[in-house]
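Novice: Single-letter residue listing:
Number of protein chains: 2
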Amino acid sequence: MNPGHLEYRRMLEFWFEFASPYSYIAAMRIQQLCDGAAVRVAWKPFMLGPIFEMQGWGDSHFNLNPLRGGYMWRDLERLTAKFGFPWKKPSAFPRSSALASKIACTFDEEPWCGDFIRRVFVANFGEDRDISTPEVVSEILSGAGRDPQAAIDAATSAENRGLLRANTERAIQLGIFGAPNCVVNGELFWGEEALEDAIAWSKTSAT
Amino acid sequence: MNPGHLEYRRMLEFWFEFASPYSYIAAMRIQQLCDGAAVRVAWKPFMLGPIFEMQGWGDSHFNLNPLRGGYMWRDLERLTAKFGFPWKKPSAFPRSSALASKIACTFDEEPWCGDFIRRVFVANFGEDRDISTPEVVSEILSGAGRDPQAAIDAATSAENRGLLRANTERAIQLGIFGAPNCVVNGELFWGEEALEDAIAWSKTSAT
Chain A
261 MNPGHLEYRR MLEFWFEFAS PYSYIAAMRI QQLCDGAAVR VAWKPFMLGP IFEMQGWGDS
321 HFNLNPLRGG YMWRDLERLT AKFGFPWKKP SAFPRSSALA SKIACTFDEE PWCGDFIRRV
381 FVANFGEDRD ISTPEVVSEI LSGAGRDPQA AIDAATSAEN RGLLRANTER AIQLGIFGAP
441 NCVVNGELFW GEEALEDAIA WSKTSAT
Chain B
261 MNPGHLEYRR MLEFWFEFAS PYSYIAAMRI QQLCDGAAVR VAWKPFMLGP IFEMQGWGDS
321 HFNLNPLRGG YMWRDLERLT AKFGFPWKKP SAFPRSSALA SKIACTFDEE PWCGDFIRRV
381 FVANFGEDRD ISTPEVVSEI LSGAGRDPQA AIDAATSAEN RGLLRANTER AIQLGIFGAP
441 NCVVNGELFW GEEALEDAIA WSKTSAT
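Quick note, the sequences are listed as chains A and B, same order. Just so we're on the same page, the numbering used here is the position in the first sequence counted from 1, plus 260. Just so we're on the same page, the numbering used here is the position in the second sequence counted from 1, plus 260.
To be clear, the hints were calculated from the coordinates, so they are not data collected in a lab. Backbone N, C-alpha and C define an ideal beta-carbon position, used for all residues, glycine too. Take the hints with a grain of salt, since some may be wrong.
Coverage of chain B stretches by chain A, computed from C-beta distances (three or more under 8 Å per stretch; other residues unrestricted) [as the list claims (entries may be wrong)]: (1) 319-333; (2) 448-460.
One-sided excerpt, in silico: chain B residues whose CB lies under 10 Å from chain A [claimed, not checked]: (3) Ile311; (4) Met314; (5) Gln315; (6) Gly316; (7) Arg338; (8) Leu339; (9) Gly435; (10) Ile436; (11) Phe437; (12) Gly438.
Kindly produce the complete structure, drawing on both the sequences and the hints.
Specialist: Here it is, written out as structure tokens:
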């Protein structure tokens with residue numbers, strides 16, 4: 261065993277969707293919270309679309325329910341101000357996250373993956389950029405110090421392109437119905453406000 | 261002016277529904293949090309039923325969406341354990357809160373109202389008692405040191421029986437779509453996890 265790979269014994273799965281506003285807040289916070297608690301983050305991008313469809317929704321419930329959606333946008337404005345994260349209301353919502361998610365699935369164990377994930381979220385919710393396009397995703401990859409075409413080729417290869425679907429199927433098995441989520445020792449915590457409870461759970465349940 | 265009535269300059273409206281599980285958690289916490297921040301609580305019971313109907317729901321979304329509902333019950337189990345509140349999953353959900361809510365509306369400025377409210381929530385979610393019945397509500401009133409019949413008579417009198425409907429109409433005007441909520445200086449905070457943010461808001465916005 262390589263001691264450099266031992267790192268933390270405890271692990272938290274962070275299940276997120278790049279199109280999800282509250283996933284943005286959580287994705288910006290989770291690494292620092294986990295580092296402070298000696299918990300390793302496992303990045304778990306998945307697709308909310310099929311899960312919303314299972315609940316009978318053809319769109320984000322934030323679009324289907326204007327009251328709920330209006331509250332969410334105001335809440336995001338407040339939360340980004342509270343935490344000091346960039347905020348610019350997306351002019352399109354929700355944006356397709358398929359390409360960015362496939363890249364995050366393919367490189368989920370690379371040390372740069374968290375940085376890439378945060379950059380995608382900032383592009384979508386902090387800069388109103390269209391993260392569904394290869395152009396924007398390429399710029400984000402460059403910003404994260406990667407070769408864009410090599411990363412996109414790998415993520416869309418026959419070998420890797422099924423990873424996102426597999427993650428989504430696993431999310432359904434876990435009982436996930438929204439985003440973001442933390443899964444710790446089989447326990448599901450939904451919502452960006454549950455991050456601290458999820459981390460606390462990893463402490464009490466670790467053996 | 262009577263100095264005894266000056267109390268706190270800042271005020272937080274706590275909008276809740278006795279049938280709402282997350283309102284239970286929030287109702288048990290709000291008085292202590294507000295006391296610690298020198299903020300006065302204004303108790304605002306309202307009916308979720310008409311508001312859910314406006315959103316096209318004929319029942320609680322926790323019943324309509326089993327995934328969401330299953331998560332909520334587990335979450336309540338965890339939250340009550342975390343805060344040390346009594347917990348016994350209600351054998352009927354949601355229970356009609358009309359009588360208890362009318363009493364809370366009628367006596368919302370009485371010093372015993374908060375105690376009554378917490379006792380109703382504990383009966384519903386900590387003891388699985390049927391708070392929709394005059395018998396249980398009477399016992400709760402007695403426990404809070406009140407004359408049950410006098411309180412019920414006042415709350416169901418011609419003078420007061422419209423207060424709950426008026427609160428519900430006001431809730432709709434405020435853009436409320438669920439429970440619990442805090443309203444501070446016109447700003448809406450939804451969810452039991454937003455209590456601290458609501459109190460912080462009252463501090464920054466008070467003049």
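Novice: The hint names Gly435/B as touching chain A; please verify it with the least Cβ-Cβ distance against 10 Å.
Specialist: The hint holds - Gly435/B has a Cβ within 10 Å of chain A, the shortest such distance being about 6 Å.
Novice: Does Phe437/B pass the interface check with chain A, least Cβ-Cβ distance below 10 Å?
Specialist: holds, 4 Å
Novice: Taking the closest Cβ pair, is Ile311/B under 10 Å from chain A?
Specialist: Nearest chain A Cβ about 9 Å off; hint holds.
Novice: How about the stretch 319-333 of chain B: do at least three of its residues have a C-beta closer than 8 Å to a C-beta of chain A?
Specialist: Check passed, 5 qualifying residues.
Novice: Once the shortest beta carbon distance from Gly438/B to chain A is found, is it less than 10 Å?
Specialist: holds, 8 Å
Novice: Gln315/B was flagged as interface toward chain A. Is the shortest Cβ-Cβ separation under 10 Å?
Specialist: holds, 6 Å
Novice: Counting residues of the stretch 448-460 of chain B with a beta carbon closer than 8 Å to any beta carbon of chain A, are there 3 or more?
Specialist: Since three or more residues must qualify, the claim that chain A covers the stretch 448-460 of chain B holds, with 6 doing so at under 8 Å.
Novice: Do the numbers back the hint for Gly316/B, that is, is its least Cβ distance to chain A under 10 Å?
Specialist: holds, 9 Å
Novice: Can Leu339/B be said to touch chain A, with a Cβ gap under 10 Å?
Specialist: holds, 8 Å
Novice: Would the hint on Met314/B be counted as holding, given a Cβ-Cβ threshold of 10 Å to chain A?
Specialist: holds, 8 Å
Novice: Minimum Cβ distance from Arg338/B to chain A below 10 Å?
Specialist: This hint holds: Arg338/B lies near chain A, its Cβ roughly 7 Å from the closest one there, short of 10 Å.
Novice: Can Ile436/B be said to touch chain A, with a Cβ gap under 10 Å?
Specialist: holds, 8 Å
Checked against the numbered hints given earlier, this structure breaks none of them.
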